[in-house]
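Number of protein chains: 2
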Amino acid sequence: MKKIIVQKFGGTSVADTEKIKNVAKVVIREKENGNDVVVVVSAMGHTTDHLVKMAKSLTPNPSSREMDMLLSTGECVSIALLTMAIQAQGYDAISFNAMQVGIMTENIHSKARIVDIRTEKLRKNLEEGKIIVVAGFQGVTEDGEITTLGRGGSDTSAVALAAALNAERCDIYTDVEGVYTTDPRVVPNASKLDEVSYEEMLELAHAGANVLHPRSVETAKQFAVPMRVRSSFNLDDMGTLIVGVEKMELYRPVAGVAADLSQARIVVCDVPDKPGVAAGLFSAMANENISVDMIIQSYARKISNTNDIAFTIDTADLPKTLSVLDKLKDVIGASDIKVDDEIAKVSIVGAGMIDRPGIASTMFETLATLNINIKMISTSEIKISCLVDKSDAQKAVKALHTVFNLESDVIADVKGDLPDV
Amino acid sequence: MKKIIVQKFGGTSVADTEKIKNVAKVVIREKENGNDVVVVVSAMGHTTDHLVKMAKSLTPNPSSREMDMLLSTGECVSIALLTMAIQAQGYDAISFNAMQVGIMTENIHSKARIVDIRTEKLRKNLEEGKIIVVAGFQGVTEDGEITTLGRGGSDTSAVALAAALNAERCDIYTDVEGVYTTDPRVVPNASKLDEVSYEEMLELAHAGANVLHPRSVETAKQFAVPMRVRSSFNLDDMGTLIVGVEKMELYRPVAGVAADLSQARIVVCDVPDKPGVAAGLFSAMANENISVDMIIQSYARKISNTNDIAFTIDTADLPKTLSVLDKLKDVIGASDIKVDDEIAKVSIVGAGMIDRPGIASTMFETLATLNINIKMISTSEIKISCLVDKSDAQKAVKALHTVFNLESDVIADVKGDLPDV
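Protein sequences, first through last, are from chains S and Y.
According to the working numbering, the first sequence is numbered sequentially starting from 1031.
According to the working numbering, the second sequence is numbered sequentially starting from 1031.
Please note: incorrect hints may appear among the correct ones.
Just so you know, same-sequence chains aren't split out, so a pair can sit in one copy or run between any two.
Computed list of lysine-lysine pairs in DSS-like fashion (alpha-carbon distance at most 30 angstroms, straight line) [unchecked claim]:
| # | residue 1 | residue 2 |
| --- | --- | --- |
| 1 | Lys-1332 | Lys-1304 |
| 2 | Lys-1154 | Lys-1405 |
| 3 | Lys-1049 | Lys-1154 |
| 4 | Lys-1141 | Lys-1151 |
| 5 | Lys-1051 | Lys-1304 |
| 6 | Lys-1051 | Lys-1160 |
| 7 | Lys-1083 | Lys-1049 |
| 8 | Lys-1350 | Lys-1055 |
| 9 | Lys-1368 | Lys-1086 |
| 10 | Lys-1222 | Lys-1428 |
| 11 | Lys-1160 | Lys-1086 |
| 12 | Lys-1368 | Lys-1420 |
| 13 | Lys-1086 | Lys-1049 |
| 14 | Lys-1304 | Lys-1032 |
| 15 | Lys-1055 | Lys-1086 |
| 16 | Lys-1051 | Lys-1083 |
| 17 | Lys-1350 | Lys-1083 |
| 18 | Lys-1055 | Lys-1083 |
| 19 | Lys-1086 | Lys-1151 |
| 20 | Lys-1222 | Lys-1359 |
| 21 | Lys-1332 | Lys-1359 |
| 22 | Lys-1357 | Lys-1083 |
| 23 | Lys-1083 | Lys-1160 |
| 24 | Lys-1051 | Lys-1086 |
| 25 | Lys-1368 | Lys-1304 |
| 26 | Lys-1086 | Lys-1405 |
Note that these hints are calculated values from the structure, not bench results.
Just so we're clear, the structure is a prediction, and the values are computed from it rather than from any experiment.
Model the full assembly from the supplied sequences, consistent with the hints where possible.
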């Protein structure tokens, strides 16, 4: 039986018919490699923006059901056009929307989760030698309602299809050449990672590396689907392979450095040190659908028997957060609410740090040498994050990138070539 | 039980979001009349042209299956936006594409015929008080393939839905105020017909009155669905009611005059007068999917034992026709093929002419008085068509319109008011 490769192309890759022709070539190349190919595409370029704009001109709050009906058309245009472009090159191809495949989701509009993918139609068409082009981002409920998957939806469609089909690999084609040790716009000699573990990728994604949506990586991890992030404009470069730690060739203590400049820090001052205060605070936030990232509670002051609770949120959630806190302040007995949005979260990520002591102290020393004040620290098994002044972020990223040997040529020496997959 | 009204709005009626808001008002007005409302919409304005252009830039011959996948997105955009616009006015509404409703068609792409419409989902949602917005022009096969219905598709969707739901009426909203006795651009005092029979409408449609596609009228006739053609910009005008002859208030000998300027006449000269020649000729044309309109075979000349076969076709089919005839000419032994595309077919149509002698002679005399040469004549029970020089067409239409008393005020006197429907 042939190996199945799932390929995903985003909106910029299919932004016009010339680009669609290029995508057709990439697809055909994989077919010519002797593989069965299932392609997942997003809506063309600015299609979604255009549709949203029309909807908003009719009503400020369009129903999410009708938004899903509206937006799901974008991918159907892409799959038809890409299929035509592949057929024009003499290859047998067929397009399917989510309803036709049976990409079954929960009955929740605008952010449904995939619960099952029917594979009979796909397998039958692959057996007939066809290249299959599937609409990403969309799903269907048992009742025949059209849903969309929300942010990162097409990546998630691709990974879920790869899992359902037991595919060899899921290739996410994008306009960058892979996952880098840090943002190349900040550190020009950032090096592309040949491989990275799901866990590292998740931490890098959450820490502000915008290559993949965490949700697709989580799905890939859950079903052990190897993913590749690669460029549709440089096919000779194999990009970055994302796999389980156990499958990785080698560890390095730190795989990457990321900075997230979109956070704000809130300090709720002098709240009584008694049970239930933090729970009340954060459940009120959760009810408003506000994601809280770092949380630090200070030791209780002995005399006043109060402490401070500090946490970070996305700046987009700041107005909502302040409105929640305004109502809560007196209830929980806080003396003051302080806000600082001139901050950045700088993180180092690496599965290798689990076994190697001294990584955290190296990070703190590096920042101290540069006279950068650390405002908050949080750690996970494979990540250490420090909150610093926004103005210090770039300096911090560059220094950490150097001190952990992430420069381009150093990495190349250590890693060697990847085995062919 | 409430009466069900099916409304259909074409592409120009939903060309932009402002127009969609206007359509929402028309829909709500019907709902406020105490009726259940099912709305069928086409793709917005130039959407279809834009999609076709993209497809053609990829390949000169896109597969009809993928064209259906592509084009069917246009109506899905319209239904979502119209539903939002209705909801924005505080009314409960829901959109369905053809797959969701179950508008079942043959498995033929780009010109499928509807074989069945599932009504459970529609009835359930109507019972819940919802206005239902359905995508026109599209269908689905038993295998879940998306099809489109071809020209006149959305009108046909609307009529078929009206038939399946046993609707009170199917209102076709358009940018004209109804069906006229002739093209008002040619005869300024052409009068709007308050009612017309299916048969007359069919002949008028075939004869070049571009208000409705004949296919939708045929479907309406088959299932006895009363149709109304009316303007979405003048709701006080009830437009034209299209019903069975037996339901009409009164007959008039001639209901309308139509001219078709898009025909060409072909004369196949001096073919042997023996059985099978005409059959061979027209089956070759049929195989190429060329529709032949008028056919006249002259009496056989006694000396040569040959005759001429003349027929008319749509000028769009002229190249294909000439290629067929080029191959056939020697086979059937014709001496020459003559083509004339400077012609026009002028027709008078009326269910009333069945019982009244003298209509044809009045037509011929009228043309003779104007010194207009009649090149071919064909008749049906309710239509008489004369082929004339294209340059004579306008003159002929005006004179016939006058001689059969179709001017605006005369008609108004004869007909009186329509009963409320």
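Verification of the supplied hints:
1. Lys-1332 to Lys-1304: within (13 angstroms within a copy, 119 angstroms between copies)
2. Lys-1154 to Lys-1405: neither (57 angstroms within a copy, 59 angstroms between copies)
3. Lys-1049 to Lys-1154: Classified as within; 29 angstroms inside a copy, 44 angstroms across copies.
4. Lys-1141 to Lys-1151: both (25 angstroms within a copy, 24 angstroms between copies)
5. Lys-1051 to Lys-1304: neither (64 angstroms within a copy, 56 angstroms between copies)
6. Lys-1051 to Lys-1160: Within one copy only: 18 angstroms inside a chain, 43 angstroms across chains, cut-off 30 angstroms.
7. Lys-1083 to Lys-1049: This pair counts as both: shortest intra-copy Cα distance 24 angstroms, inter-copy 15 angstroms.
8. Lys-1350 to Lys-1055: Classified as neither: same-chain Cα gap 46 angstroms, cross-chain 35 angstroms, threshold 30 angstroms.
9. Lys-1368 to Lys-1086: neither (34 angstroms within a copy, 59 angstroms between copies)
10. Lys-1222 to Lys-1428: Within one copy only: 15 angstroms inside a chain, 78 angstroms across chains, cut-off 30 angstroms.
11. Lys-1160 to Lys-1086: Intra 39 angstroms, inter 22 angstroms, cutoff 30 angstroms: inter-copy only.
12. Lys-1368 to Lys-1420: within (17 angstroms within a copy, 84 angstroms between copies)
13. Lys-1086 to Lys-1049: both (29 angstroms within a copy, 15 angstroms between copies)
14. Lys-1304 to Lys-1032: Close neither inside one copy (62 angstroms) nor across copies (62 angstroms); limit 30 angstroms.
15. Lys-1055 to Lys-1086: Answer is between; shortest inter-copy Cα gap is 18 angstroms, intra-copy 37 angstroms.
16. Lys-1051 to Lys-1083: Both. Shortest intra-copy (28 angstroms) and inter-copy (15 angstroms) distances satisfy the 30 angstroms Cα cut-off.
17. Lys-1350 to Lys-1083: within (23 angstroms within a copy, 45 angstroms between copies)
18. Lys-1055 to Lys-1083: Between copies only: 21 angstroms across, 33 angstroms inside.
19. Lys-1086 to Lys-1151: between (37 angstroms within a copy, 28 angstroms between copies)
20. Lys-1222 to Lys-1359: neither (47 angstroms within a copy, 71 angstroms between copies)
21. Lys-1332 to Lys-1359: For Lys-1332 and Lys-1359, the Cα distance is within 30 angstroms only inside one copy (22 angstroms; across copies 111 angstroms).
22. Lys-1357 to Lys-1083: This pair counts as neither: shortest intra-copy Cα distance 33 angstroms, inter-copy 56 angstroms.
23. Lys-1083 to Lys-1160: Between. Shortest inter-copy distance 25 angstroms satisfies the 30 angstroms Cα cut-off; intra-copy 37 angstroms does not.
24. Lys-1051 to Lys-1086: For Lys-1051 and Lys-1086, only the inter-copy Cα distance (12 angstroms) is at most 30 angstroms; the intra-copy one is 32 angstroms.
25. Lys-1368 to Lys-1304: within (21 angstroms within a copy, 102 angstroms between copies)
26. Lys-1086 to Lys-1405: neither (40 angstroms within a copy, 58 angstroms between copies)
Hints 2, 5, 8, 9, 14, 20, 22, 26, counting from the list given before, are not met by this structure.
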